[in-house]
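Trainee: Residue numbers (this note's numbering), protein chains in the order written: chain A, 1 to 260; chain B, 1001 to 1260.
There's no promise every hint is true.
As the list claims (entries may be wrong) - Between beta-carbon pairs, the in silico distance windows are:
no.: 1; chain 1: A; residue 1: E217; chain 2: B; residue 2: G1128; range: 40 to 48 Å
no.: 2; chain 1: B; residue 1: F1193; chain 2: A; residue 2: R90; range: 53 to 61 Å
no.: 3; chain 1: B; residue 1: T1076; chain 2: A; residue 2: V95; range: 39 to 47 Å
no.: 4; chain 1: A; residue 1: H91; chain 2: B; residue 2: T1076; range: 36 to 44 Å
no.: 5; chain 1: A; residue 1: L72; chain 2: B; residue 2: F1193; range: 47 to 55 Å
no.: 6; chain 1: A; residue 1: G66; chain 2: B; residue 2: G1198; range: 41 to 49 Å
no.: 7; chain 1: A; residue 1: Q256; chain 2: B; residue 2: Q1196; range: 37 to 45 Å
no.: 8; chain 1: A; residue 1: G246; chain 2: B; residue 2: G1246; range: 21 to 29 Å
no.: 9; chain 1: A; residue 1: Q176; chain 2: B; residue 2: P1130; range: 41 to 49 Å
no.: 10; chain 1: B; residue 1: A1071; chain 2: A; residue 2: G246; range: 34 to 42 Å
If you are wondering where the hints come from, they were derived from the structure by calculation, not from laboratory data.
Virtual Cβ for every residue (Gly too), placed ideally from N, Cα, C.
There are 2 protein chains.
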Amino acid sequence: MPQFLTGMEVRNACREGSWTGPTCGLAPGFAQANLVILPADWAFDFLLFCQRNPQPCPLIEVTSPGVWSPALTTPTADLRSDLPGYRVWRHGELVEEPADIHHLWRDDLVSFLIGCSFTFEHALLAAGLPVRHLELNRNVPMFRTNIPCQPGGRFSGPLVVSMRPFQPADAIRAVQVSASFPGSHGAPVHLGFPEQIGIHDIAHPDYGDAVPVHDNELPLFWACGVTPQAVLQQARPPFAITHRPGCMFVTDLAEQRTVG
Amino acid sequence: MPQFLTGMEVRNACREGSWTGPTCGLAPGFAQANLVILPADWAFDFLLFCQRNPQPCPLIEVTSPGVWSPALTTPTADLRSDLPGYRVWRHGELVEEPADIHHLWRDDLVSFLIGCSFTFEHALLAAGLPVRHLELNRNVPMFRTNIPCQPGGRFSGPLVVSMRPFQPADAIRAVQVSASFPGSHGAPVHLGFPEQIGIHDIAHPDYGDAVPVHDNELPLFWACGVTPQAVLQQARPPFAITHRPGCMFVTDLAEQRTVG
């Protein structure tokens, strides 16, 4: 793992093309973000969707049409080059995975930066709580649920959740710790009975990797940043760009719990 | 003061025309909201403005174009009739103050419900903190500051703040209490030195009524829901509707502090 200590170092390495891998573990302490880019005529609907679904879609920043730099949170960044990789979607189909999107940029594109679970996972670890998929060096298991998101314009679909198993006392603490990071999905949406939220086989996630849930453990489910990508595929806008999974935008923001 | 105990009772009285006065003190425990209604072609800009300025503009709900009922928070309400009074704006000028807006409704109108300071004032009182303008039965004093809001599309302008004076120990407590209500403007934006935020005469507010600040007191300043009305007047959209000052929309939501 390279020693990128700041968000800017990660972004510069991406911009120069020297880093194209996942961002997990890079620039510790700097908040990372999911990226969704849409044409302006789809932007109100998506902003409405995010406003109505803050647990899966906690907004960090939304740029004005054509602006490729998130001036409020990371003003030196160029969203066209500063991620390790991108996915380009046309009518809901993945058509390209470029390392740079300068050639695709348009004056009507609006960028949405959405909080990422890395932040609350770091807080769980800092609180001494074991995070199973990290211990096993796997991707987090993710499931489509039977919980509908609140529709926003042309965007709708089920909530996607990530799952982390904990023993009861740790589960209580994990609720408390994650609840103080509303910008990083916040408290779990469910705990204990996967079938109640439409998950019938905990050993076979819809995205990511399976992890074992032991007999003395409860599965905890958090709203997941894959939700906006899933509703995007379902809504089939003519054009969209997202980050490549695991290859997030690293901001200049410190990972910070809510003051209050 | 009539004995309206629930949000629905207030809304029904407004709908029937039997209540046209201010909503302060009505339906205790139910969150109240500022209302801004804009045509769809101005809605993305205003939603962006609110997203970027959550302290003056904490969003409670945003309706889809043409929808006059806030389905997520108060599904039985009709935003065209359920407030005591409205203001109609054309090109930034106040043109009408009707009690009902059925005759003005259009299929392209988007309604924004924005959190209101009544909620954190109730929490201050519940914490035993004296709120000067309530003790004096006056409107809260409000000031335009030299703090620019983050522009959002065609919307920009200075932050408007409300002021409440407290003795030092109470000021500390007031910060703590209000900080746990981010949906109601949250923690103060400034405390102590009005001139640092462009307020040169604390005895002459730009809106509302003056209240005395005693020698052993600090003035505390909170982001204020008048801010969106001020930027609306400055942006001069061809058409807009807001609540009449003090005559808020009473939701079905309980006044609730942030869990976390």
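Trainee: Now tell me, hint by hint, if it's right for this structure.
Mentor: Hints, verified against the model:
1. Distance hint check for E217(A) and G1128(B): the Cβ-Cβ separation is about 44 Å, which falls inside the suggested range of 40 to 48 Å.
2. Checked against the given bound of 53 to 61 Å, the beta carbons of F1193(B) and R90(A), roughly 55 Å apart, stay inside it.
3. The hint said 39 to 47 Å for the Cβ distance between T1076(B) and V95(A), and at roughly 45 Å that hint holds.
4. Checking the proposed 36 to 44 Å range against H91(A) and T1076(B) shows it holds: the Cβ atoms sit about 39 Å from each other.
5. Restraint check, L72(A) to F1193(B): a C-beta distance of roughly 25 Å breaks the suggested window 47 to 55 Å.
6. Distance hint check for G66(A) and G1198(B): the Cβ-Cβ separation is about 32 Å, which falls outside the suggested range of 41 to 49 Å.
7. At about 24 Å, the beta-carbon gap between Q256(A) and Q1196(B) misses the expected band of 37 to 45 Å.
8. A hinted range of 21 to 29 Å is violated for the C-beta pair G246(A) and G1246(B), which are about 51 Å apart.
9. At roughly 33 Å, the beta carbons of Q176(A) and P1130(B) sit outside the given window of 41 to 49 Å.
10. Under the hint 34 to 42 Å, the C-beta atoms of A1071(B) and G246(A), about 36 Å apart, fit the expected range.
In the structure shown, a violation is registered for the earlier hints numbered 5, 6, 7, 8 and 9, in ascending order.
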